[in-house]
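Q: Line by line, the protein sequences give chains A and B.
Here the first sequence stands for residues 1497 to 1885, numbered as in our numbering.
Here the second sequence stands for residues 229 to 626, numbered as in our numbering.
Worth double-checking, as some hints may not be accurate.
[What the hints assert, rightly or not] Computed footprint of chain B on chain A; a stretch qualifies when at least three of its residues, placed anywhere within it, have a C-beta under 8 Å from a C-beta of chain B:
| # | segment |
| --- | --- |
| 1 | 1519-1528 |
| 2 | 1588-1599 |
[Said to hold, decoys possible] Here are the computed lysine-lysine pairs in the BS3-like style, where the Cα-Cα straight-line distance is at most 30 Å:
| # | chain 1 | residue 1 | chain 2 | residue 2 |
| --- | --- | --- | --- | --- |
| 3 | A | LYS1721 | B | LYS326 |
| 4 | B | LYS390 | B | LYS438 |
| 5 | A | LYS1629 | A | LYS1663 |
| 6 | B | LYS383 | B | LYS433 |
| 7 | A | LYS1720 | B | LYS438 |
| 8 | B | LYS309 | B | LYS464 |
| 9 | B | LYS419 | B | LYS383 |
| 10 | B | LYS243 | B | LYS534 |
| 11 | B | LYS438 | A | LYS1721 |
| 12 | A | LYS1720 | B | LYS326 |
| 13 | B | LYS388 | B | LYS419 |
| 14 | B | LYS275 | A | LYS1654 |
| 15 | B | LYS383 | B | LYS326 |
| 16 | B | LYS383 | B | LYS275 |
| 17 | B | LYS309 | B | LYS433 |
| 18 | B | LYS309 | B | LYS275 |
| 19 | A | LYS1663 | B | LYS464 |
| 20 | A | LYS1654 | B | LYS464 |
| 21 | B | LYS388 | B | LYS275 |
If you're looking for bench data, these hints aren't it; they were derived computationally from the structure.
Cβ atoms here follow ideal geometry from the backbone N, Cα and C, with glycine treated the same way.
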Amino acid sequence: MAIPISYNIRNVMQRPLTTLATGSGIAMVVMILIGAFALASGFQAALVETGSTENAFIRRTGADSEISSGVSRDAANIIRALPEVAVGPDGRALVSTDLVVLTNLERVGQTGSSNVPIRGIDPASLALRPQVKVADGRMFTPGTDEVMVGKRVSRRFKGLGIGEQVKLGQQNFTVVGTFTAGGSAFESEIWGDNAVLMPALDRQDAFQSVTFRMRDPATFAALKKRLEADPRLGVQVQTEREFYASQSQLLASVLRVAGVMITLIMAVGAIFGAMNTMYAAVGQRTREIAVLLTLGFTPFAIWMSFLFESVFLSLIGGVLGCLLALPINGITTSTTNWSSFSEVAFAFRVTPLGMGIGLAFAAMMGVVGGFLPARQAARQPLAATLRAG
Amino acid sequence: MNLFSLVLVNLFRNKRRTFLTMMSVVIALFLFCALRGVLDTLESSIKVGSESRLVTRNRISLIFPMPQSYWTRIAAVPGIKSVSLQNWFGGRDPVDPKNWYAQFAVDAPTFFPIYARDVEITEFSPPQVQVAMPAGLDPKLAAFMSEQNACVVGKRLFDKNKWKIGQTVTLAGTIYPGSWPFVIRAVYHAKDPAFGEETMLFHYKYLEEKGMGGQGQVGVYILELSQPERAGDIAKAVDAMFENSSYATRTETERAFQAGFVSMYGNVPYLIGVIGLAVVFAILLVAGNTMMMAARERTAEVGVLKTLGFQDGTIFAIVLAEAAIITLGGGLIGAFLAKWGLQGSGFNAGGFLPPMTVSWTTVATGIGIAVLMGATSGLIPAWQASRLRIVDALRRVE
Chain A
1497 MAIPISYNIR NVMQRPLTTL ATGSGIAMVV MILIGAFALA SGFQAALVET
1547 GSTENAFIRR TGADSEISSG VSRDAANIIR ALPEVAVGPD GRALVSTDLV
1597 VLTNLERVGQ TGSSNVPIRG IDPASLALRP QVKVADGRMF TPGTDEVMVG
1647 KRVSRRFKGL GIGEQVKLGQ QNFTVVGTFT AGGSAFESEI WGDNAVLMPA
1697 LDRQDAFQSV TFRMRDPATF AALKKRLEAD PRLGVQVQTE REFYASQSQL
1747 LASVLRVAGV MITLIMAVGA IFGAMNTMYA AVGQRTREIA VLLTLGFTPF
1797 AIWMSFLFES VFLSLIGGVL GCLLALPING ITTSTTNWSS FSEVAFAFRV
1847 TPLGMGIGLA FAAMMGVVGG FLPARQAARQ PLAATLRAG
Chain B
229 MNLFSLVLVN LFRNKRRTFL TMMSVVIALF LFCALRGVLD TLESSIKVGS
279 ESRLVTRNRI SLIFPMPQSY WTRIAAVPGI KSVSLQNWFG GRDPVDPKNW
329 YAQFAVDAPT FFPIYARDVE ITEFSPPQVQ VAMPAGLDPK LAAFMSEQNA
379 CVVGKRLFDK NKWKIGQTVT LAGTIYPGSW PFVIRAVYHA KDPAFGEETM
429 LFHYKYLEEK GMGGQGQVGV YILELSQPER AGDIAKAVDA MFENSSYATR
479 TETERAFQAG FVSMYGNVPY LIGVIGLAVV FAILLVAGNT MMMAARERTA
529 EVGVLKTLGF QDGTIFAIVL AEAAIITLGG GLIGAFLAKW GLQGSGFNAG
579 GFLPPMTVSW TTVATGIGIA VLMGATSGLI PAWQASRLRI VDALRRVE
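Extracted from the complex, chain A is given alone in its bound form:
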């Protein structure tokens, strides 16, 4: 028969200070693990959500990012005239031939500068990206030297506030509005009319990418095959979502790996702490254990009981860690995505999966930490302990 768990629970409650200390140690480990996953998830979400599965994204063959790609005007015109391109509410093809370059701007409040993407779009193609919504001010007027700025970069860089002027290339542009884009990477960009930006930045002969809404997304595979085989174009085709997911992969996995490695090392330290606590607990309760054995509980039951106590203690720490990690959710930060060489601002995203992993990790720490002490408790020689004290 198993020892009732109320025994363990009561014991844990009876040593509040020790429980709190060990629990806090484990809580910190769990919190950092969840935090690392939140960082990676947030970054990945920002990028993946940028793209839609209904949009086809086209850049030059062999280019591994948007900025190193070049799609000629001729190729762009051929793509624009394709039958697979959907038509917008105004009757025009829903296509955007984008100019994408980087400009190096100074940060606000932090020394140093970073590369901020400038995207010159076809103004009529705003419907292509429905997640983009003007937040403050207004959209830029096509054909003028106005730009609108993603909300995330508006605050972080000098000269990007509404009404301010920013020099892009040879020309000064006025910021007339900020926009949100569902937390996606677009929010880290400056948008303007490509007809005005291309001459200003002296990038007249080619676009960096062409994006269009597919009339029938189910035919994507056939479309991809056809376009990639067309010798006039020399392009690679993906869904917009696929492209942005691939751009996020490198950094996200680096963040995750780094997070897991740090957490593992921390966990070893925390496990040592948990082990210490459990050994001390077992040491203090030798007479209780002897009594339990006398009552007829098997050594195995004792082993399980102490193992449970260790896991219980760790889970308390785990839950505490989850609670501590929750406020991190939504904090924005930014870093340079080396895949695209440009800065991406994103928000920490604490997911249920992340928290689940954290709790499982806490339980595992409890099992590993409690295993040996519990075994020692179970192997206690009965008579000796009753006699001693």
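Starting from the structure of chain A, add chain B where the hints point.
A: Okay, now just chain B, sitting in the frame of chain A:
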């Protein structure tokens, strides 16, 4: 029996607990120093780069080029000894995309002399044909100079990929499309570790003809100064020359240029610093608590010691010493493990960081934290033990 052996005996009485506690401290300090070490590494990578070399790039951002015509114009600015150029190639290994390394197209006759103090050629092909070598260029580069698609690779990169001199390495261009074969004609060792040994350098002419249709544009200009103390003025003079052209420039010291890359990491280093602190706090909390628990267990013993005649002050010292040995010992081991283990092995996080350094300041801070922790978790039990009345100590029932 002297006091020290008494302390040691106490520590060894429960070897397992002492070991576990000490290991916790070792790990906490190791992690703290390792994470801080990342910050140190990033900071020291800013301090590399000469202050007597300037880098000129397009003012808009690094991805915009500059015309070749700037070359002679910049060289004519007073105070400039020599001008070279460098272009980022951005090629990819077609066989193993994860095998990433930097490739640069450079103008060898000017580039290598500028970096003569930082780079030395260790292995090289003997030249097949006699070729007139420009002045100041290492004669070991003769074979490299005689072949258009020859390249020089860093020793680390060379070893990592197990290449051989004379081997052809083919890359797929991402910015300049197509298949690009390079023949390895020399290997360099970076005397200044900041230069990096995981780079491939090849002829700018090759890039210009094959990738730019003969109309070369330049990524960055590297300026070696004959008057390094006038660096600021010279930089301004260069930028003023091109102020109103369609390719306005931005000239800064090499050090500032490198610092720009580091600043691109944004907030991440700050977060790492925060994690470092959290880690230490967490684990030390547990270790401290354990030590306090241990001290509490020994009240009866303290009573006996006092009966035997040990003074209050002595008891205080003994208990404190035990805590100090564990924390200081663990702290020293952890900090030095980080310093010599990580720094000594040149750990570079798979190429994402420069080879790691852990500064002495970090080590000292780590040890300081360990001492502080030892003091806090040792002081209270030590104080309690020293004030304990014999009667109370012996009365306690375990």
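Q: Hint compliance check: list the failing hint numbers for this structure, sorted ascending.
A: none
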